[in-house]
Amino acid sequence: MTISHSLLPERLSKALQSLKALQLQHIYFAPVRHHSPACSYALKHLIEEVQPTHILIEAPSSFATIIDQLLHCDTKPPIAVLCQTEISSFQPTTLLDITEDDTDDLTPESITYSAFYPFCHYSPEWLAMQMAKKQQAIIQFIDLPWSLQTDLSIDLEQDRSLLSETYLKHSQYIQCLMQKLHCRDHDEVWEHLFELKDYEEIADWQTFFADTFIWCAMSRLDYSQESLAAEGSAQREQYMLSAIGEIKKSNPKAKIVVVTGGFHTLALVEGLWKNRLILPKKADMTQFNRQQKNGDKDQTWLIRYSFDRLDALNGYASGMPSPAYYQTTWQSMLDYDKSANEEQTGRENRQRQTLTLLSEIADKLRQQSNYNNLTGFVPLKSAIEQAILLADLRGHNGPGRYDLLDAIQSCFIKESIDNARSEFWLTIRDCLSGNLLGEVPIGIAQPPLVNDVYLTLKKYRFKLDDTNQKLTHIDIYRKPDHRQRSRFLHLMTFLKVGFASRVDGPDYIHGQRLNVMFEDWRYAWTPMVEARLIELSQQGTKLEHIAISKMQMDAKQFIENNMESASFLAVEQLTQAALMGLDDYFNHILDNLADFILSEGELDSLIHCGHRMVYLWQGQTFLQLKATSTLLTLLNKIVQQGFFLLNKLKQPEIEHQQQNLQILLSFRDLLNYLPDQLDIKQLKQDFYQNLHRLQSELNEVSLIRGAIDSISYLDSYFSQQQLEENININFSLTAQNEQTINYFIGIMSCAPELVIHSSILLDSLDKLLIDWSAEQFIKILPDLRLAFSQLNPNQNASLAEKIAKKYHITDADLHLQQYQFSETQLQKALSLELSISEHIKQQQLTDWFKH
Amino acid sequence: MVNQKQAIRLTAEERYEQELATLSKVDKENNKPQGWLLSPKSVRQFILGNESLGISRKFFGDDPLVDRAIVSLLGKQGLMLVGQPGTAKSMLSELLAAAISGDSNLTIQGTAGTNEDHIRYSWNYALLLAEGPTERALIGSPVYQGMLQGKIVRFEEITRCQPEIQDMLVSIMSEKQMMIPEMGSNSVIKAKPGFNIIGTANLQDRGVHEMSAALKRRFNFETVNPITDKDFEIELIQRQLSQELGDLKSQITVPIDVIELLVTTFQELRQGQTSGGAKLKTPDAVMSTAEAVNIAYASALDAHYLGNGTLTGEQIAKQLIGVVLKDNADDIKRIQFYMDNVVRERAKKSDIWRSFYQVSKTFWK
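Protein chains in written order, with UniProt numbering: chain A, 1 to 851; chain C, 1 to 365.
In isolation and in its complexed conformation, chain A is listed as follows:
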C-alpha cells in the first residue's frame, strides 16, 4: 500500500528530492500525524539509525522553560502543557476568548488565551523527547511562542489544541482517496494506508515518512498562500525555518531530526533547499530573536491529562481518536521490538488485541442495566471472526479500529442501527478512549495553588487517581473531619473549580432539606480541574483568599448597583462563608450586617434576608457558629426594620397589592419561624399593632385589608366579634364592589376556612350578590372563582351544603347529574339546546367547540 511516486505533481516530486538532499546535509524530517503510533514507531527507528545531535519539535519555543519537568522520570503521560498568555482586550487583532471559561472574575482589561498541548506515550513528540534524553541529543522547540500564535489565528473558536489537523478533513485529495479506497472518512484512510502496515514496513522509516510526506503535502496543495498566511501557518513556518537554520549556521556538523506535523514539512523543505541549503538571512534572524523574546509572555504549566479529555480534544480534529485503543497498539509494537526473534507478526498482534478489546467491550455491555443478551458468547465469537475477516477483505495486516467497530455493528446490533441505544455507543466509545490519567512530578511543576489543593484533597482522602466520577457520603453532623471535607468542597464549588457537585444534603442557602443529616457529593479530579486551578492561581495561592476576594468583589459590584437591597446578598454571603468555613470573613460580614439591615429599603429583600438568617440559625450546629447572640440581635433588628418598612403595603395598584400580600404572608411566616430565644409573643403584638396603625391609610388597599383582618383573627389578635364587625363594615361599602371582592379575596387567600366557619362572611357575600345585576356579577365572576379556588374539594362540599341548607335545596338537587325531570322540562331543554347551537353557528364558533 505504498503511495506511488510516479504520478506526483512536479512540485511534490521536487520536494521529495529536496527531502533526500537535506538528509545528506544531516537534516532529517519526520512528517508525523499527531498521536499516531505508526509514526512514533517509524520515528523510533529513524532516531535509532540516525543518532541525531539535535531533535527539533513543533511546539512553542516557550516550552523550553519546562523541559526539565517534561523529561523528569516521574512524568508519565498522558500529560499536557497548558499554555496561557494574557492579551489586552483592547488589541484589535484578538477576536475571541478561546478558553470559553467563566472569566468573569478576571479583570476585564485582559483576556487569557489558553491552549493545551497534550502528550501520550505514543505521541511522536513524546517519543522524540524520550529518545533525545536517552541519546543525549539536544531538544529544541521550534514553533512560535503561543502569545504570537494567538495574534495570528483567526478561527480559534474551537481549536483549543496546539495540534490542529483540520486540513485533513477538508482536503480534496483525501476525499478522492476515500472514495477510491472505499473508506468513510479521513481517519479510516489514514489507518488503512499507514497504521495497519506490517511492523517491518513501518520500521522502514525512509519509505514510511516519504509516504506521510506525500499524504500531507497533497492536502496542503489545496491551500492558497493567502489562506496559509491568514491562519498563521506561514508565519509559524518562517519561524521554524529560522530555528533550524540557526542551528545549522552555528553548528554545521549538527545532525538534526525535525519532528513536525506533516502539513508543515512541505514548506520547511522548500524553504531550506533550493538546489542548496538556504540559511536564514540576517533580517530573518533579527525577527526570529525578537519573536523568541515574546516567549516571555507565555506561561506554561505541565499538567496531568487524561485519555477521555484527549479524545474530546481530538474531536476538534487535532490527532487520532480513541487513545486507549492506540495505547495498546503502541504497547504491542514495543513488545514486538523487544522480542524480535520470536515468531510473532503484526497481524497476530492485532488479532490478539481485537480479541481482548472485544471481550472487554462485550463484558462492559453485559453490565449495563438493560442488557438484552445480545453480547453473549456466540455474538462475541462471531464479532471476533467478523473483525478478522473484514481485515482480510480490506487487505489489512490484522484488524484495525474500523474493522473492530464494523464487527461490533454487524454482530451486536440486532435491529435498525438508528434504533441502537446511545448508551451502547457511549460504552464502546468509553472503552476505546479509556480514562487513564497521567502523572507529573509532585511539587516542582505545578503552580502552588494546584499543589495545595491536591494535597488538601489527599489529606481528606479523596480518590484522585483517575478521572472517573466518584460518590462520597459525608457525615456532616457527627464527624468533625467530615465537616472539614464538606467545607472544602463548598469552597471549591463556590469558585467553580468543577471538582465536585452536591447531589444531596441540607441546603442552608435556600432552606431546603434542612433535616438531612448527610451530604452526598459527586467528584472527579480531571485535567479541567487543574486547568481551572491554574487559572485561579493568578489571583492567589490559597483558595480561601481567592474566595474572599471574589466575595468582596461581588459585594462591591452589587452594592454599586442596588444599594437598597444589600442585606439580602450580605446574608447569602454570610451563609456561603459559613459553609466554606471562612470564619474571619463570616465575622467581618456579621459586623457589617447590622448597617446593611438598617439601611435596607425593600421590605421584600429584608424578609428574604430574615428567612435566610433563620436557615442559618437552624444550621448553627453544622456550621459551628459561635456568634449566636449576634445572630439573635440581628434577627431582632430585621424584624424591627420590617415593621418600619410596613408602610410599603400602602401601594394601591392591584399588582403591587398582590405582591405585597405575599410579602405580608412571608413576614408572618418569618415571625412564626423565629427562634424561641427571641420574645416572639411581643414581636407578634408589635407586628399587628403596626399593621393596625396602617389601617387608616389602607382605604384603597382592600386586598391587604382583608389579609390583615384574617391573619389578625387567626393569630388571636382579633376576637371573632371584631372580625365580624370588620367584615360587616367592608361589605356595607356597597358602592365599590371591586373593593369588597378584593377584601374577600384577601381573606380567602389567608384563611379560606373562614368562609365555612364564620357564617357572617358567607351571609354578607350572599347579601351582596343578590343586589348585583347580572352584568356586574359576570364582570366580577373570575375574581370570585379565584377566591374560591383556595378551598379544597372537601371544603367546597361542606360550603355547598351550607348554602343549600340556607336556600332549602335538597341534597338530591345538589348532584351534578339530574335524573328526574318532566316532559316540559325536556322540551324546554331541547329547544334551549337548539337555540344555543344556532347561536354558536351564527357566531361561527362551531369549529371552536369541536376541538
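Misleading hints may appear alongside valid ones.
[Said to hold, decoys possible] Once the Cα atoms are required to be at most 27 Å apart in a straight line, the calculated DSS-like pairs of lysine-lysine come out as:
#, chain 1, residue 1, chain 2, residue 2
1, C, Lys28, A, Lys180
2, C, Lys28, A, Lys364
3, A, Lys637, A, Lys684
4, A, Lys463, A, Lys338
5, C, Lys41, A, Lys180
6, C, Lys361, C, Lys348
7, A, Lys496, A, Lys458
8, A, Lys364, C, Lys216
9, C, Lys333, A, Lys841
[Claimed, not checked] Per the computed footprint, the stretches of chain A lying under chain C, defined by three or more beta-carbons under 8 Å from a beta-carbon of chain C, are:
#, region
10, 174–185
11, 380–390
The hints are simulated quantities; they were obtained by calculation from the structure and are not laboratory data. All of these numbers come straight from a predicted model, not from anything done at the bench. All C-beta atoms in this analysis are idealised placements derived from N, C-alpha and C, irrespective of residue type, glycine included.
Once you've looked at the hints, dock chain C against the given chain A.
Positioned in the frame of chain A, the structure of chain C alone reads:
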C-alpha cells in the same frame, strides 16, 4: 415461459454476465471460500466497482456496509438488510447472490400468505398418491434448493410473513439441515457449503410483524440508509434514468436543473428541513431514491409522448402526486405546507421552480 430476451427485467447474473466472467478470470489465484464462485474481494469489486477491470459500481453510498455484508455471509450467521423502503436492499441482496452463487433466483417473496410449504417443501400430489413420499414427488422450496446446491437464498420482505412462519428459519439457520419426516425418520438433507440466507426486512412499515429474538440472533443486521448527499443522488438518478430509458434516451432532453429540483424536493421532504434550515412537515409516504427514479422516468415518458420532448418541472409536479398521495390524508396538508412556504418562494426566482409550482398549485389546492 417468456422468452428471456424479452423480459422486462433480467436477473443480476444475466445483466452483468460479462463482468462476472471478467472477475472470475482475474480471480483464479485468489482463495475462494467453499461453495463461492468468487473470492470475497471480487464480490466486493463486483458491487463497488473497479475502473481498471471495467466493472461498474452498482451500490452507492455506504461502502463499509458492503464489506460487512460480504463478511457476514462468510460466517455462520445470515445477513439481514433492514431500512426504509426503496433504499436498494433487494438490489444489494440480488447482487450478492449473483456474485457469490451465480444465481439470484432462489428467492422467497415474503407475504402475509407465505406458509410452511414455501419455506420447506411441498408435494406433487399426483405423484405422492401414485408413488408415496419419494424424492420425485417432493417439490423443494428455494431454501431446500439452496441447501442442496450450496447457494445463497434470498428471503424478501421477511417481516411480512407471520411470526410462526418466520421462525421456521431458526432451526434451519442453526442446524443447517432440514428433516423430511414423510420419507422416514432418517431422511434429512444437509446444507452444502455456500448456503446462507440474505433477508430483507422493513421494520417500520405498517402491516409488518416483529421478528423473534431467536431469529434475530441468527442474523447479522445491516441498515441501509437513504442517500443524503444531494449531488450524488442527482448523479445517481441521471444514470439510472438513462439506463431505464434505453434507446429513448437520445430523443428526450433531461435538463439537470429539473433533476436537481426533484432531488431537492425529495431530500427536503425526507429530512423535514429545507436546505436553508427551515423546518418542514415530513410526509409518511416513502420518498426514496428509487421513487425519485420512477418519477423521473414517468415524467420523461410524459415529456416524450405527450409533451415536446423536454423534461420540465411541470411533469415532475404531475408525477409527484402519485408518490405522495398513498394512504395518509394528512400528507396532503404537509405537501401543501411545503408548496406554500418553500416552493412559492423559489418560484419567484427560478423558471423551473415556477413551472413546477404552477402545475402543483392546481393539484394541491
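Under the constraints set out in the numbered hints, which ones does this structure not fulfil?
2, 4
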